[in-house]
Amino acid sequence: MNATEPTWVWPRAAYVHVPFCAHKCGYCDFASLAGADHLAERYLAAIGREMEAATGGVPQEVDNIFVGGGTPTRLDADQLGRLLAMIRRWFPITPGGEWTVEANPGTLDSAKADALAEGGVNRVSLGAQSFQPDLLRALERNHAPEEVGRALELVRPRFNRWSLDLIFGVPGSTPENWVDDLETALSLGPDHLSCYGLVYEKGTALWKQWNAGDVESVDEESERSMYEFTIDRLEREGLAMYEISNFARPGHDSRHNLVYWTNDAYFGVGLGAARYVRGVRSSNTREIFAYLRRLEAGLDATGPTETLDPESRARETSILMLRRTQTGIERADFARRTSFNLDDLLGEPIRRHVSRGLLEDDGSRIRFTREGLFLADTVLCDLL
Amino acid sequence: MAFDPKFIRNFSIVAHIDHGKSTLADQLLLQSGTITPREFREQLLDDMDLERERGITIKARAVAINYVMDGQNYELNLIDTPGHVDFHYEVSRSLAACEGAILLVDATQGVQAQTVANAYAAINNNLAIVPALNKIDMQAARPDEIREEIFSTLGIDPAEILSCSGKTGQGVPEIFRAVIDRVPQPAGDPNAPLRCLIFDSKFDDYAGVVIYMRVVDGVVKVGQKILLMAGGTEHDVISVGQFRPHQVGVDELGVGQVGYVTANIKRLSDVRIGDTITEALRPATESLPGYQEPSQVVFCGLFPATHNQFEDLRTALQKLALNDASFTYEPESSDALGFGFRCGFLGMLHMEIVQQRLERESNLMLVQTAPNVTYEILTNKGETSLLSNPTRIPDAGEIEEFREPIARVNFILPSENIGAIMQLCEDRRGTYLKTEYITTTRAILSYELPLAEMIYDLYDKLKSATRGYGTMDYEVIGYKASDLCRLDILVAGEKVDALAIVVHRSHADRRGRKLVKKLRAEIGRHQFEVAIQAAIGTRVVARETISALRKNVTAKCYGGDISRKRKLLEKQKEGKKRMKQVGNVEISQEAFLSVLDDSDD
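Chains as they are written, first to last, in this note's numbering: chain A, 3 to 386; chain L, 215 to 815.
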């Protein structure tokens with residue numbers, strides 16, 4: 003019966019979080035746990051209960067699933083298999099649906115790769131980040147560059163769709179070695195690449211070093227040229243930009259991430275996981291013992307919750323949609339989803355940024371111009 | 215029936231800020247039974263939120279207290295006074311309605327600048343002084359030393375100085391006795407035509423203007439037709455009453471009594487503070503000596519942060535003016551900021567309070583220009599004009615004489631800090647007057663300073679130079695010719711009127727250089743390079759360039775945590791709220807205010 007509700011009200015997507023890691027990377031601010039592997043069994047039991055509660059005990063069919071972390075592949079093959087079985091039970095996927103699991107090049111082995119493939123996963127997102135040992139060290143990644151290729155040998159035969167994550171703007175990097183990284187990544191033949199600009203998130207180990215002046219950020223001009231090179235080089239390679247940090251060959255877009263950028267609803271289970279169901283945004287506690295204890299006691303683990311008023315929701319929709327660099331905001335789609343006329347709500351800032359050359363408006367659709375991509379936050383915060 | 219004047223005492227409490235005036239007032243109310251212990255709470259008399267937050271009293275209030283001593287019932291009217299230097303004129307207003315004043319001095323801190331200023335105000339009004347040390351219960355109290363200080367600064371006999379604690383109530387009965395014994399009863403003729411002194415007013419949504427007054431001669435009654443002598447308007451008295459401390463209606467008030475009158479008066483501006491109320495049918499021949507109109511010493515432009523809120527701002531100012539007749543406003547238009555108002559205030563604190571109240575009570579977002587003083591310009595054509603807006607100041611070629619307001623400033627400070635404050639005053643074109651020692655370790659330092667050099671941050675500088683022990687008081691004494699000039703600021707080649715300031719020519723280059731540096735830091739980066747220049751006439755004295763913003767994009771996936779991502783953007787937006795678009799450049803509120811900041815960081 004819920005299936006009759008629009009996709010921005012009732013979810014057709016699910017996110018599942020697995021927090022375990024061999025070690026916490028310096029830049030990471032997701033809910034992740036190093037040295038907590040002994041909690042894996044309790045965690046699996048808890049997340050199973052959470053899925054049952056989130057679905058109301060009625061399996062909810064979804065179009066896509068994303069299992070992220072942490073490091074999902076930190077679980078052993080058997081645990082992975084059981085996790086996937088639970089997901090299949092509560093979030094059965096539609097035929098042709100997309101099921102992605104994040105994998106760390108250092109922790110993937112053939113048994114785990116088999117478990118993923120047999121469990122129904124059909125897309126793997128591999129966290130390469132860089133191919134330069136010194137930059138991997140700066141990020142506190144614990145895999146070696148060559149492990150990416152080795153991991154891909156496990157991925158390619160089992161999965162038609164896979165993606166690599168890269169990070170630019172790492173302390174110590176230069177436009178030249180970013181070119182190297184990108185070329186190395188391309189030589190592996192990806193159909194999808196996520197290229198993230200490093201963010202010093204408050205509270206992370208890397209932020210502390212940067213804040214103390216022990217680590218210096220890459221200068222703005224270099225960062226811009228890295229980003230600029232990325233866009234042009236990948237475009238030439240047939241990997242078109244479709245979101246601010248995502249590039250894909252036709253048909254290889256991450257459908258799950260597009261759910262976020264369309265401001266559609268999604269389930270979210272696991273430590274710290276965020277969800278958006280019937281207009282309410284909420285996320286779970288990031289404290290592992292609180293999470294386990296609450297679920298073991300039959301309670302939910304929801305922490306911060308917010309329900310936006312219709313106007314704020316419409317504004318939020320606009321900033322998410324604009325991130326889709328090709329689709330942008332379609333006026334008709336926006337009106338249908340938000341009940342707001344785009345020009346009544348945001349006509350003034352849109353016109354301003356069109357006149358500054360940061361947005362383009364073809365009458366039915368608003369998108370970033372090329373210059374607008376570099377100043378996206380300047381534009382987005384004016385739409386809020 | 216009117217109360218027998220023989221048993222009426224009208225008095226104020228004067229003190230330096232934070233010396234515990236309000237707490238003592240509450241004790242007087244408590245010990246006289248005017249309020250119950252349950253009602254006895256901190257700062258009872260301060261009924262505006264802002265006052266409570268800042269621990270200061272802004273508007274004068276009057277409370278009638280009945281106190282029985284030696285079997286006799288007395289009516290004591292306590293007329294409250296504000297403590298901050300900005301509201302000094304309100305102190306004299308209140309004092310004119312009294313025959314006596316409790317001079318309260320903190321027994322831990324001693325004589326401070328407003329202790330002296332307020333004590334002299336009371337003495338000049340011929341009031342009987344009841345000196346008292348407060349906070350006597352505190353460990354750090356130094357009653358003997360402070361008595362000596364009071365003697366050496368004000369010549370008050372140490373033997374006359376009482377001790378009390380507003381907090382514990384200790385010594386309060388002695389204060390009552392001293393007020394009754396030392397403060398004279400009000401003089402006045404009950405049979406003469408009515409004369410009441412208006413010492414304050416407030417606006418009430420239901421009753422209209424509530425006049426705070428003291429009866430000097432005759433009797434004021436409900437139903438009486440009254441005449442406001444200076445205003446020339448007649449009104450029918452709807453109600454008469456006293457504050458105990460809540461409004462309590464009575465049929466009439468007689469000689470010496472203090473209370474309120476309402477007469478269905480619609481606008482606060484119809485009632486002049488200092489005016490005399492008389493009976494329309496039997497008017498007095500002579501009005502009471504009034505007050506000087508308060509003079510605004512600080513001016514700034516207030517503009518709505520969004521253009522379409524001009525009318526809302528006008529409404530808000532009108533509404534606020536109903537309650538505060540001491541600020542002025544007139545429409546102003548700025549090339550940079552659009553339509554807004556040029557407003558005049560009694561001082562910096564007053565300015566801040568008004569701005570906050572406008573925003574808080576009317577839900578407006580304002581952009582404020584740097585505060586400035588009024589200048590007197592004598593042109594080549596021999597015309598003199600007063601200008602409170604730097605942008606209106608004519609070009610140097612047209613000015614014969616440029617005059618600025620001068621204040622006489624008294625600092626009370628530890629003697630070890632005299633050097634630092636003298637240096638500060640010399641840097642600010644001060645003229646040294648004198649140093650007097652209160653004790654061997656504390657002194658009064660007097661300077662004449664251009665008002666413009668002191669209003670912005672002299673008080674803060676004094677506080678930091680003296681680690682909080684220095685206090686100051688000032689009084690504007692007149693205008694003086696000076697070698698001043700207008701320093702214009704150009705942003706991206708355009709002169710921004712709202713950033714213009716007046717500076718002394720000898721400081722102009724240095725200030726110009728500092729200013730463009732400050733603005734470079736305060737004006738955010740844009741898609742293009744922005745040049746900032748400071749110029750006197752056509753001569754550019756300083757230039758800085760803000761480099762172009764090349765990248766501002768968070769290319770990161772926050773997973774599904776959209777709330778987080780949105781909040782990060784909202785934070786960025788917050789900084790842009792009080793922005794004004796000048797040409798192609800967005801200028802923040804901080805930038806407009808930074809022009810006055812002369813500090814080095």
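By construction, these hints were calculated from the structure, which means they are not laboratory data.
All values reported here derive from a predicted model rather than from experimental measurement.
Positions of the beta carbon are idealized from the N, C-alpha and C atoms, including for glycine.
Honestly, I wouldn't trust all of these hints.
According to the in silico footprint, chain L covers these stretches of chain A (three or more CB under 8 Å from chain L) [said to hold, decoys possible]:
1. 84 to 95
2. 145 to 155
3. 193 to 204
4. 315 to 327
Here are some, though not all, of the chain L residues that point toward chain A, as calculated from beta-carbon distances under 7 Å [what the hints assert, rightly or not]:
5. R764
6. K781
7. E784
8. Q786
Right, here's what the structure says about each hint:
Remark: the segment 84 to 95 of chain A is not confirmed as covered by chain L, as 0 of its residues place a Cβ nearer than 8 Å to a Cβ of that chain, below the required three. Check result for the segment 145 to 155 of chain A against chain L: violated, 0 residues qualifying (beta carbon to beta carbon below 8 Å, three or more required). Coverage of a stretch by a chain is defined here by at least three residues with a beta carbon nearer than 8 Å to that chain's beta carbons; for the segment 193 to 204 of chain A and chain L the count is 5, and the condition holds. Note: the segment 315 to 327 of chain A has 3 residues with beta-carbon separation from chain L under 8 Å; the three-residue rule is met and the coverage holds.
Given hint, R764(L) at the interface with chain A, holds; its Cβ is 5 Å from that chain's nearest Cβ, closer than 7 Å. Taking 7 Å as the C-beta contact cut-off toward chain A, the hint placing K781(L) at the interface is violated, the least distance being around 10 Å. Below 7 Å, beta-carbon pairs count as interface contacts, and E784(L) has one with chain A at about 6 Å; its hint therefore holds. Against a cut-off of 7 Å between C-beta atoms, the interface hint on Q786(L) holds, since the closest Cβ of chain A lies about 4 Å away.
Taken one by one, the earlier hints fail for this structure at numbers 1, 2, 6, listed in ascending order.
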